[in-house]
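S.K.: Residue strings, one per chain:
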Amino acid sequence: MEIKPPIPVIPPPDWEEVKDLQEWVKYRQERPEGDQVSDAVAGLWDRLEHFPGGWLAVTSSSKLFNWARKSSMWPVTFGLACCAIEMMATFASRFDVERFGMVPWASPRHADLMIVSGTVTIKMAPMLKRIYDQMADPKWCISMGSCANSGGPFRHGYHVVKGVDRVVPVDVYVPGCPPTPESLMFGILKLHEKVAEFHQTGQRSAPGAPPD
Amino acid sequence: MTAETVIARLREALGVEATGEDPKRPLDVRHLVVTVPVERWVEAVGFARDTLGCRYFCHLTAVDWKAEGFEVVCRVENLETHLGLTMKTRIAREAPCPSLTGLYRGALWMERECYELFGIRFEGHPDLRRLLLPEDWEGYPLRKDYAVDMPHPPYR
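Here the protein sequences line up with chains A and B, keeping their order.
When you line the first sequence up against my numbering, it's residues 1 to 212, in that order.
When you line the second sequence up against my numbering, it's residues 1 to 156, in that order.
Quick caveat, the hints were computed from the structure, so don't treat them as lab data.
What you were told as hints is all true, and nothing was included just to trick you.
Facing chain B, according to a computed beta carbon distance under 8 Å, are these residues of chain A, among others:
(1) Ile122
(2) Lys123
(3) His156
(4) Gly157
(5) Tyr158
None of these values were measured; they are calculated from a predicted model.
C-beta: ideal position from N, C-alpha, C; glycine also.
Build the full structure now, drawing on both the sequences and the hints.
M.R.: Here is the structure:
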């Protein structure tokens, strides 16, 4: 009689042992603490908190400010690679992002959002960091495409940053190679949801957290 | 100019044997490969330029064969007769290679790129500097012993 070997039990993957995930946790850029709430809004909060009836006033004003922020979010035109073609298609008239109040603006001083569209090479990373630092606070960042998310197909090359979140803090990751304009617009709308909750919670990314 | 003519002229002038790129396919004048010793490298490319009329310098690169050294590869073409000649030479791992910049101006940047990616020193190059990589780069990234996945701060 033939004795069958036991069926090997494949253990479920332990995600903490994945090397890429460990690298991601190690090298990811976090937002600094002071970056969570802009100074103007914090000052307004302090002024109105001691005012009688101030709670209602602050809540309404924050909603007003967040509505204004998300309704006129200007991305800096910063195209790096082939994802920039899809980004341009998103900005163009077929997928019109101007109906969301987004105007691609050629100056980082006036922009609120940076869409990192494409492969970030090691030589390009300091310039990307400088452009991000030149943007006025509050500012957001969308990582668009596999290359910007994790290095993508060039991850094991010698010249590519393995994810743009090693350089600047990222709010929304849009997967795809390249993402379609629909994907990018979905990411932009997700970012709008985050912006709408911006300084009520004092945190950028707190899904499900109660306001205040 | 047929492939047999080119092979015969290379044989009588330089004493090297040119072959086709793929032995399973018939000889084609557009795809000929010849390996020359490094002492006759400039002479052989000069012969291809002057006598065979290959005025177009297509590219120059190298192949890392680990302990067997580097193989410097260049391709020159004659655009009138469609002669394409891939010329190869083998150098030791830390040995210099004679430069082709006296023959082709287009070799200037090709050899600079080959220098920064493989670390091959081209003797006779007038301006052997980096071409593409950042100034603070360490190592030669297209060598086989370059550790690609090693994380280098700040962004690598």
